[in-house]
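Please model the complete structure; the sequences and the hints are all you need to start from.
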Amino acid sequence: MAKKRNPIIKLDNISKKYDEYGVAVKALDRVSLKIYPGEFVSIIGPSGSGKSTLLHCMGLLDRPSTGYVYIEGKNTSKISGKEVAMFRGDKLGFVFQTYNLIPRLTVLENVILPGLIMRRDPAKLENRANELLKEVGIHHRADHKGIHLSGGEQQRVAIARSLINDPILILADEPTGALDTDSSEEIMELLVKVNKNRNVTSIFVSHDMHIASYGKRTLVLKDGRIVGDTKGDLNNFKKVLKKLPKKARGERSGS
Amino acid sequence: MNVLGVSSRLAFGELRDHKRIYAIIILVIALTMTSFMLENAYLNYMMQVVDGTTKLVTSDAIIVDEDSNIRDLYGTESELKNAGEIARRIERDLPGYKSSIRVTAQGTYGLGEEGEVIDGCGIQGINPKKDDEISGIADKIVKGRFFRHDDPILRGHTPLYIEIKGPGGLPDFSYGAGEKLMEHEEPYPIIVGSTAAKIHPSVNIGKEFQITLSVSGKEKSFATVTVKVIGLYESGTPTLDALVWFMHADSLREIKRYGEVTGKDWHIPGVGTFRGYNPIEVDRNRGDAVIIKAPDPLHKLDPIGHSESVKEEVSSIVPFLKVYSWHDFLIYIAGSMQDVVTIMLWGSIGVTLLLCGAAIKYVMDSIIMRKTREIGSLKAFGARDRVIFRIYLYQGLIIGLVAGVFGIIISLIVMQLVNFYGLNVEFIGGTQLKVGFIINWFSILIALTVPVILAVLAAAIPAKKASMLSPVEALRKGELSL
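Chains as they are written, first to last, in this note's numbering: chain A, 1 to 255; chain W, 1 to 482.
Rather than coming from a laboratory, the hints here were simulated on the basis of the structure. A couple of the hints might just be wrong.
Claimed, not checked - Cut-off 30 Å, straight-line C-alpha distance, at most; resulting in silico cross-link-like pairs (DSSO-like, lysine-lysine):
id : chain 1 : residue 1 : chain 2 : residue 2
1  : A       : Lys91     : W       : Lys477
2  : A       : Lys78     : W       : Lys465
3  : A       : Lys26     : W       : Lys129
Said to hold, decoys possible - Computed far set for chain A versus chain W, every beta-carbon distance over 12 Å:
id : residue
4  : Asn6
5  : Tyr36
6  : Gly38
7  : Ser52
8  : Lys82
9  : Asn100
10 : Leu116
11 : Ala142
12 : Arg161
13 : Asp173
14 : Asp180
15 : Val227
16 : Asp229
In this text, a Cβ means the ideal position worked out from N, Cα and C, and glycines have one as well.
Encoded structure:
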């Protein structure tokens, strides 16, 4: 059903090379990919496979060395730095492994912050932030400083914050990477709920197979290339995981 | 709220997070600006005190003949035979300028009991008609009175002109100095500095004594005249008002034979020839120098520059004569002390402020190093480079503003306390010099803008660095596990 629509994000043969101490490192190697509206995509791969680089390129935090990233059909390589910033704030929501709440701000202020950056109406933002905090189950701590919350609570706030500007795409980089098992499960269930209720396209990166299994579609990344894609069919999950090295398959949640 | 609001709000948060280190920097800058304000205000006060006296003598500029130097303004070396013509030319060619002919002489006087030390003074001729426009001495009389233009005691003297060649070409006072050769003469009225009156109890209102004046220096001629103190003036500078006294210009012209003179010579065998003249038709076009008062400048922010430009303008009218500005005279009197103090003041403040600027830069650098992940997150949320730039720039702005305002407040409190309780230091001749302050808007402006400019510039470097961080690099630095 979803595939009949235009992709929300399309990667066209993107590669990313880094120069580390004079040595060229290829983080992504000719990756092409289409993700459609409403999809809930997990990206799995061993450390150094390029999954975070892939997420950063999709989130316009980094530009590919070659190839193009299209978001809603717009070629993002053609737009200026200022427009990229506007695009990020307006269309994308980010969830980080370390939550990245501003410690001196309250939970409510943290949630509002991306809206203020995008010059939205503060009064409306506050109402929306309160709704979102209710949705992620942390409204009772709205006036607390972010730093006083547990890891799971902070990540809930981060999820609410990613939704404040009503993004078309949420990108989560190891959202459970710093959490214990129970909290990880809760956060993943919350992300599933957000994806389902709001029909917002979500892409998350994990090196944990169990966490990755929450994705309705899973991409396997190895040496900077996509080596497996369940294409939305959960029956393919075990099959595509076989593309991973044995050591990576044995990995459990970590930080 | 807008983007500016986000940046300033985050900037305030950063300042709160690092309040201790920023408080120390603010305190150092504030105290530096307090020191600047106090020293500047004291210099302003001293400047005003010195100005008051130097302008009595020079006003804005003074014209002397080409062979004279600035020292001769207190002596008898200088003479401008066509002073009247020069004075008129200045007023004609430089609209708004006022000029007055000044006659000067150098004097010595013995006071009190016999054997009391003889002191010296410069005698400046005052023209009461033009005085209010030029030097304003009338306003500075603190006791007694000023010269009246039609003062009956001004004229009708028989000045004693004594031309005696002493041994070795030097004058010898023993031949007549202090002696009154003509009977029933009225003394010359004179105005002396109030400090001189304090130093010498014999000098006071109504007192009479004799001054031997060097009236034509090049010929080494002297006149001994009786003077009577009719007024005391307060210059504020003890050194100057002890040195410079004022006599009616016509009286000095009379003494110096500036006019049509007739009379007889008295030859005293073994002593010399004494020439007495009575009366003398004074030539008011003759004098030793011409003093110039320029129109007031539009602002008083650059008094030295104004003084120099007045000098240039006057010089252009009388290129063949020497022109000394008020500032030249000030340097002569103060030996450039004030300029040196000002340079040292700015130098020491500059060094302290530079160190504060460096401290702001390095503190912000270290904060930014620890905040890269936060900067990366803000960029991920759509913050443009300039939003990040402003967060750190505003911190500099706030630090500078707070430091400047604190500096001004502290210095105002100190000045109020000193003014309230009073502070005096001993000066020349046991006189008490009051420590005072004069605040001008310029120093307040400097005390406010310099810390702001410094802190903003110091913050701009790390702010630019922070704004130029790539979002992915900034995020990676905080998430090494990925």
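Comparing the hints with the structure gives:
1. A/Lys91 x W/Lys477: holds (25 Å)
2. A/Lys78 x W/Lys465: Judged against 30 Å, a Cα distance of about 25 Å means the pair holds.
3. A/Lys26 x W/Lys129: Violated, because 95 Å separates the two Cα atoms, which is more than 30 Å.
4. Asn6: holds (24 Å)
5. Tyr36: Check passes; 23 Å lies beyond 12 Å.
6. Gly38: Since the minimum Cβ distance to chain W is about 23 Å, glycine 38 of chain A lies beyond 12 Å and the statement holds.
7. Ser52: Serine 52 of chain A not clear of chain W: closest Cβ-Cβ about 4 Å, inside 12 Å.
8. Lys82: Nearest chain W Cβ is 6 Å from lysine 82 of chain A, so the label is violated.
9. Asn100: With a cut-off of 12 Å, asparagine 100 of chain A comes too close to chain W, as the shortest Cβ separation is near 4 Å.
10. Leu116: Leucine 116 of chain A is in fact no farther than 12 Å from some Cβ atom of chain W, at 5 Å.
11. Ala142: At about 18 Å from chain W, alanine 142 of chain A clears the 12 Å cut-off, so the statement holds.
12. Arg161: violated (8 Å)
13. Asp173: The claim is violated: aspartate 173 of chain A sits with its nearest Cβ about 7 Å from chain W, within 12 Å.
14. Asp180: Aspartate 180 of chain A clear of chain W: closest Cβ-Cβ about 16 Å, beyond 12 Å.
15. Val227: holds (20 Å)
16. Asp229: Consistent with the label, aspartate 229 of chain A stays out of reach of chain W, its closest Cβ about 22 Å off (over 12 Å).
Hints 3, 7, 8, 9, 10, 12, 13 from the list above are not met by this structure, while the remaining hints are.
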